[in-house]
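Q: Given next are the chains, with one letter for each unit.
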Amino acid sequence: MGLTFSKIEGKSRDFYILLIVLAVFTLIGFICFMVSYITGHHVLGTNNIIPWGMPIIITIYLIGLSAGSLILSSLTYVFGKEEYRPIARLAVFLAIILIFGAMIGIAMDLGRPEKSWRLFMFFVLNNMRSMFAVNGILYGGYFLIGIVYLGVIFAEKYKFIRMMGMLAVFWAALVHMGTGAIFGFIAARPIFFSPIKPFEFLAAAMVSGLALLMIAVVAIFKFTKRNFNKTIIFSLGKLLLTLIIVLVVMVLVDKLTHLYSPDREPMVWLLTGPYSWVFWGLQVGLAYILPILLLAHPRYSKNIRGVMVAAFLVVIGIFGERFALVIPGTAYPLPFYPGKIEGIWGAAGSFPITPVESFMSIGIFTLMGLFLLLGLKNLELLPVDEKGEQTPAPSEKK
Amino acid sequence: MPRWGMVIDLDKCVGCQACSTACKVENNVPHGSPDEQRLRREIYWNKVIAVTTGKYPRVNTELIPMPCMHCDHAPCVTVCPTKATYRREDGIIVQDFRRCIGCKYCIVACPYGARSFNSKEQEEKEYHRQDLPPDRSVWGQWPFPTRTHGVVEKCTFCFHRIDQGLKEGKKIGKEVVPACVEDCPTGARIFGDLDDTHSEISSLLASRDWIRLREELDTKSKVYYLLK
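Same order as they appear, the protein sequences are chains U and B.
Following numbering that gives the first Met the number 0, the numbering of the first sequence begins with 0 at its first residue and continues without gaps.
Following numbering that gives the first Met the number 0, the numbering of the second sequence begins with 0 at its first residue and continues without gaps.
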């Protein structure tokens, strides 16, 4: 437990340059959001057949990253794995930033964001049968729990940390399963409709959250010239491999169930249609196959660069997984009447990438980057590098 | 309490799109450019789809007018987080623009594609068109005096006409009908009370073969189609 944490200096020129670049992109993103808010959503790529675009994809992606990151912080605070203690504070802080980014994403997607207070009028003005309203409770509670959790960690009240950790893990799992339920409960969209969706989302959350945490740890420790114990990264790599395999099994079950039933047209369309490159290329290729090969490889899994490449591929690939769910899931034309529906009503939707939407999306990420830098500067998140050797004490168990 | 429903006789429908036009005029639904229509950004409260079966030269084309189905088990009502979409006591599913936050969940959940997102502010002159019928006061107050972008819109079965008609003691289904029913040149659409055994639609449903769209989802829609 003799580990102390510190802030970063944050006075170098590079730090300020990075801060300014992020701030500029955030400002551009905000301007683009105001454009879409004032002139209407016709500046975005969404339409009546694909009503949800980039902001929603990013939102569920960020919620996943956040939930995964928070669950992994519990390795230390709940399950007592001391070797991960140096990165646990960062994990909790990342989780809070990411859920904040996700909330921004939802606000950007709403047509009338000024009325979003209506989402939080639980049981009064809300329809509690809506998964959105239920998730409002989950997200709001998650944000609060995350902040209290970080607070007790900073105050080092160990009894409360363990309690809050358990609550946070339970809640994080609920949050991401609730997000999966938003999609999985919609019977009208055959690609969404699946009881396994909540669990698939949870597995994807753990995978992407872990991968992001690994990248963040290595990047920040390298950048602030701290030494770190490479064995943590390798053991996290093993955990990542396990979680990816769990996720692959879930996805496989989901897709096979849809392919097995006679109503397999939508799933065949997803696997062979115009968006199949997202599914096969990003989701299966980048998120599953390549990382599994890298992490199972005897040499690359013992090489920091190999593990980092795998984590990076996973983070990109899981974004592809979200894209391959939201866009093709809604783009598949609805079968109103048996036969071939002619004209626009029977055509699959198209999702043009527009500049406003792209800059809005970049803005969400840069805003979170900004918060991360400011957090590192003002909060004691990183372990102190006492002897200039390694900060995380090598674990005895290994 | 009545339960309003509609019967569409596919045998009589000629696919003239008069219902779509009548709906746009009555409810002042904004019209879009060809580009917007191609991108599926135009707002339609009522649409007519063409469905073909068979191969040339043996092709059968069916024209299916599709208003909102006003399902008794409406998926859109279930998913709306803010009660902006709700079922009135007379079975009409309405959308309250003041409550709608524009999350578009209902568009995703609707199996009939009956909902449209208002994605841009229309020109003032397009909204308050001069060619609107001057005597619209006879149909009651227009329910959407101000309209904003960023909310979801849908067919209302012209509930403003029904409410006004009930107030004046007129017979709904005979003297007062929704705009699409009124303007149908072939009389393919019939409107009335499904629970009233003496109404015209009840007798039609009892005597003819009918279907409802996407019965497999069990939405219990209140728009019935009489087969050819």
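These are calculated hints, taken from the structure and not from any lab test.
One or more of the hints may lead you astray.
[As the list claims (entries may be wrong)] Cut-off 20 Å, straight-line C-alpha distance, at most; resulting in silico cross-link-like pairs (EDC-like, lysine to aspartate or glutamate):
(1) Lys237/U <-> Glu82/U
(2) Lys227/B <-> Asp217/B
(3) Lys82/B <-> Glu113/U
(4) Lys227/B <-> Asp192/B
(5) Lys80/U <-> Glu155/U
(6) Lys54/B <-> Glu341/U
(7) Lys119/B <-> Glu113/U
(8) Lys114/U <-> Asp95/B
(9) Lys6/U <-> Glu113/U
(10) Lys339/U <-> Glu215/B
(11) Lys339/U <-> Asp34/B
(12) Lys114/U <-> Glu120/B
(13) Lys339/U <-> Glu61/B
Q: Taken at face value, is the distance from the CA of Asp95/B to the CA of Lys114/U at most 20 Å?
A: holds, 13 Å
Q: Is the straight-line distance between the alpha-carbon of Lys80/U and that of Glu155/U 20 Å or less?
A: holds, 17 Å
Q: Does the alpha-carbon distance linking Lys114/U and Glu120/B stay inside the 20 Å limit?
A: Holds - the C-alpha atoms of Glu120/B and Lys114/U are around 18 Å apart, at most 20 Å.
Q: Quick one, are Lys237/U and Glu82/U close enough, alpha carbons at most 20 Å?
A: Between Lys237/U and Glu82/U the Cα gap is close to 15 Å, so the pair holds against 20 Å.
Q: Given the proposed pairing of Lys6/U with Glu113/U, does the C-alpha separation stay at or below 20 Å?
A: violated, 36 Å
Q: Next pair to validate is Lys339/U with Glu215/B; report whether the Cα-Cα distance is within 20 Å.
A: Measuring from Cα to Cα gives roughly 18 Å; hence the hint holds.
Q: Between the alpha carbons of Lys119/B and Glu113/U, is the straight-line distance 20 Å or under?
A: Distance ~17 Å between Lys119/B and Glu113/U Cα, so the pair holds.
Q: Holds or violated: are the alpha carbons of Lys339/U and Glu61/B at most 20 Å from each other?
A: holds, 10 Å
Q: Sort out whether Asp34/B lies within 20 Å of Lys339/U, counting only the CA atoms.
A: This hinted pair is violated, its Cα atoms lying about 23 Å apart.
Q: For the pair supplied as a hint, Lys54/B and Glu341/U, confirm whether the alpha-carbon distance does not exceed 20 Å.
A: With Cα atoms ~14 Å apart, Lys54/B and Glu341/U stay inside 20 Å; holds.
Q: So if I understand the rule, the pair passes when the alpha-carbon distance is 20 Å or less; does Lys227/B with Asp192/B pass?
A: Measuring from Cα to Cα gives roughly 23 Å; hence the hint is violated.
Q: Within a Cα-Cα threshold of 20 Å, do Lys82/B and Glu113/U meet the stated pairing?
A: holds, 17 Å
The structure fails hints 2, 4, 9 and 11 (numbered hints given earlier, in ascending order).
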